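Please build the complete structure, drawing on both the sequences and the hints.
Number of protein chains: 2
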Amino acid sequence: MGEYPSILLENAVNQFSSLPSVGRKTALRLVLHLLRQQPSEVEAFANSLTRLKHEVKYCKQCHNISDEDICPICSSRNRDHQTVCVVENVQDVMSIENTGQYNGVYHVLGGIISPIDGIGPKDIEIDSLTERIIPEQIKEVILALPTTMEGDTTNFFIYRRLSALSLPEPLRITQIARGVAVGNELEYTDEITLGRSIVNRVAFNG
Amino acid sequence: MGEYPSILLENAVNQFSSLPSVGRKTALRLVLHLLRQQPSEVEAFANSLTRLKHEVKYCKQCHNISDEDICPICSSRNRDHQTVCVVENVQDVMSIENTGQYNGVYHVLGGIISPIDGIGPKDIEIDSLTERIIPEQIKEVILALPTTMEGDTTNFFIYRRLSALSLPEPLRITQIARGVAVGNELEYTDEITLGRSIVNRVAFNG
Numbered sequence: 003m004g005e006y007p008s009i010l011l012e013n014a015v016n017q018f019s020s021l022p023s024v025g026r027k028t029a030l031r032l033v034l035h036l037l038r039q040q041p042s043e044v045e046a047f048a049n050s051l052t053r054l055k056h057e058v059k060y061c062k063q064c065h066n067i068s069d070e071d072i073c074p075i076c077s078s079r080n081r082d083h084q085t086v087c088v089v090e091n092v093q094d095v096m097s098i099e100n101t102g103q104y105n106g107v108y109h110v111l112g113g114i115i116s117p118i119d120g121i122g123p124k125d126i127e128i129d130s131l132t133e134r135i136i137p138e139q140i141k142e143v144i145l146a147l148p149t150t151m152e153g154d155t156t157n158f159f160i161y162r163r164l165s166a167l168s169l170p171e172p173l174r175i176t177q178i179a180r181g182v183a184v185g186n187e188l189e190y191t192d193e194i195t196l197g198r199s200i201v202n203r204v205a206f207n208g
Numbered sequence: 003m004g005e006y007p008s009i010l011l012e013n014a015v016n017q018f019s020s021l022p023s024v025g026r027k028t029a030l031r032l033v034l035h036l037l038r039q040q041p042s043e044v045e046a047f048a049n050s051l052t053r054l055k056h057e058v059k060y061c062k063q064c065h066n067i068s069d070e071d072i073c074p075i076c077s078s079r080n081r082d083h084q085t086v087c088v089v090e091n092v093q094d095v096m097s098i099e100n101t102g103q104y105n106g107v108y109h110v111l112g113g114i115i116s117p118i119d120g121i122g123p124k125d126i127e128i129d130s131l132t133e134r135i136i137p138e139q140i141k142e143v144i145l146a147l148p149t150t151m152e153g154d155t156t157n158f159f160i161y162r163r164l165s166a167l168s169l170p171e172p173l174r175i176t177q178i179a180r181g182v183a184v185g186n187e188l189e190y191t192d193e194i195t196l197g198r199s200i201v202n203r204v205a206f207n208g
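So the sequences go chain by chain: V and A.
Residue 208, in this note's numbering, is where the first sequence stops; the numbers in between run on with no holes.
Residue 208, in this note's numbering, is where the second sequence stops; the numbers in between run on with no holes.
Bear in mind the hints are in silico, worked out from the structure with no lab data behind them.
Everything numeric in this text was worked out from a predicted model, so none of it was measured.
Watch out, some of these pointers could steer you wrong.
As the list makes no split between identical chains, a pair holds if one copy fits it or if it spans any two.
Using 16 angstroms as the maximum straight-line C-alpha spacing, the simulated EDC-like pairs for lysine to aspartate or glutamate come out as follows [said to hold, decoys possible]: (1) 27 x 189; (2) 62 x 138; (3) 27 x 12; (4) 124 x 57; (5) 59 x 70; (6) 59 x 125; (7) 59 x 71; (8) 27 x 187; (9) 62 x 133; (10) 141 x 171; (11) 27 x 71; (12) 141 x 82; (13) 62 x 129; (14) 124 x 152; (15) 27 x 192.
See the structure below:
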């Protein structure tokens with residue numbers, strides 16, 4: 003007998019402890035909690051994961067997670083479609099939406115440039131951002147990436163790419179105000195600071 | 003649009019945040035992590051849960067989680083089958099096994115008496131414990147329940163039930179030494195303290 007009294011139990015614990023910041027003791031507690039639920043509830047838990055993976059879509063315009071080909075923000079008539087806020091991931095869209103301070107649309111990169119993790123410009127949605135500018139008549143791109151080295155690198159890369167475009171009229175490139183503490187992820191920033199940093203955005207100076 | 007950009011995403015987040023001590027932000031991070039994995043990996047995660055729920059067994063003798071009708075501890079020839087350690091749950095068996103200080107068998111109650119949670123003696127495996135004493139010629143019952151009010155109540159209830167049995171020879175009823183800090187759960191006790199408290203067990207004085 004190994005550490006666990008059952009292989010089935012051990013497998014489930016292994017799966018949970020493969021999740022970020024879930025240790026083996028926590029994983030065991032979560033699995034034993036599920037084991038105490040009704041079979042239908044465990045079934046619902048498992049199904050929600052497989053359905054999500056198989057059926058989820060990504061908005062063809064902004065690349066946010068969506069149930070439709072075009073997400074509700076991109077298809078809304080009440081949003082300013084000439085202002086695009088560039089964010090790293092889905093959580094960041096939700097965080098900015100929660101501030102209630104932003105009425106433009108988004109562009110979800112799906113990551114940031116990080117040589118140490120082997121993530122280059124081609125691995126994230128930068129080309130698709132530059133391809134949106136002319137057809138959507140975008141007037142302003144707001145860079146809302148984390149205030150980290152990787153965020154700065156990505157900001158600079160996007161700034162250079164957008165500056166190199168030949169456009170009928172000049173594009174405003176801004177970044178959210180550095181009210182966000184350096185080194186912090188957007189999703190952990192309080193809503194007031196994050197909302198203010200959107201309102202107080204400043205011209206990106208390269 | 004609600005808080006989440008996708009109903010499928012929201013469903014999965016709801017499932018994760020129904021787990022103990024998993025908040026909605028953590029749930030979202032876990033779900034988005036899974037979403038970045040291969041479909042086969044998400045499938046494996048989901049399957050491990052449904053298989054566990056449908057196929058897991060409980061040992062007919064000690065009620066521990068098991069892949070067989072009788073668990074490896076109860077079927078081992080190298081264990082002392084006349085000494086039974088009574089614990090609240092599966093984690094406690096694993097904690098005591100990890101000390102390497104105990105060579106008897108177990109009896110997993112599957113809970114402790116807790117009037118505030120509506121858990122009475124009939125809801126946990128107390129009857130099946132008393133029924134084991136004569137046929138298995140058990141000589142000692144070690145009470146290893148948490149050092150909480152509920153643990154004390156359950157200890158006392160079991161002590162009275164066992165004392166009322168008419169047995170061919172007297173049964174030794176002990177409890178683990180109170181080296182375990184009052185108010186603590188067994189699974190969070192360090193192995194040295196827990197191991198010593200098994201070795202230094204004392205007669206249960208009612």
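Hint check results:
1. 27 x 189: between (26 angstroms within a copy, 9 angstroms between copies)
2. 62 x 138: within (13 angstroms within a copy, 68 angstroms between copies)
3. 27 x 12: within (12 angstroms within a copy, 26 angstroms between copies)
4. 124 x 57: Cα proximity of residue 124 and residue 57: none, with 25 angstroms in one copy and 45 angstroms across.
5. 59 x 70: Answer is within: at 6 angstroms inside a copy they meet the 16 angstroms cutoff, but 42 angstroms across does not.
6. 59 x 125: Answer is neither: 18 angstroms inside a copy and 46 angstroms across each miss the 16 angstroms cutoff.
7. 59 x 71: within (7 angstroms within a copy, 44 angstroms between copies)
8. 27 x 187: This pair counts as between: shortest inter-copy Cα distance 13 angstroms, intra-copy 27 angstroms.
9. 62 x 133: Answer is within: at 12 angstroms inside a copy they meet the 16 angstroms cutoff, but 65 angstroms across does not.
10. 141 x 171: This pair counts as within: shortest intra-copy Cα distance 8 angstroms, inter-copy 91 angstroms.
11. 27 x 71: Answer is neither: 40 angstroms inside a copy and 25 angstroms across each miss the 16 angstroms cutoff.
12. 141 x 82: within (10 angstroms within a copy, 79 angstroms between copies)
13. 62 x 129: This pair counts as within: shortest intra-copy Cα distance 13 angstroms, inter-copy 62 angstroms.
14. 124 x 152: This pair counts as within: shortest intra-copy Cα distance 15 angstroms, inter-copy 59 angstroms.
15. 27 x 192: between (30 angstroms within a copy, 13 angstroms between copies)
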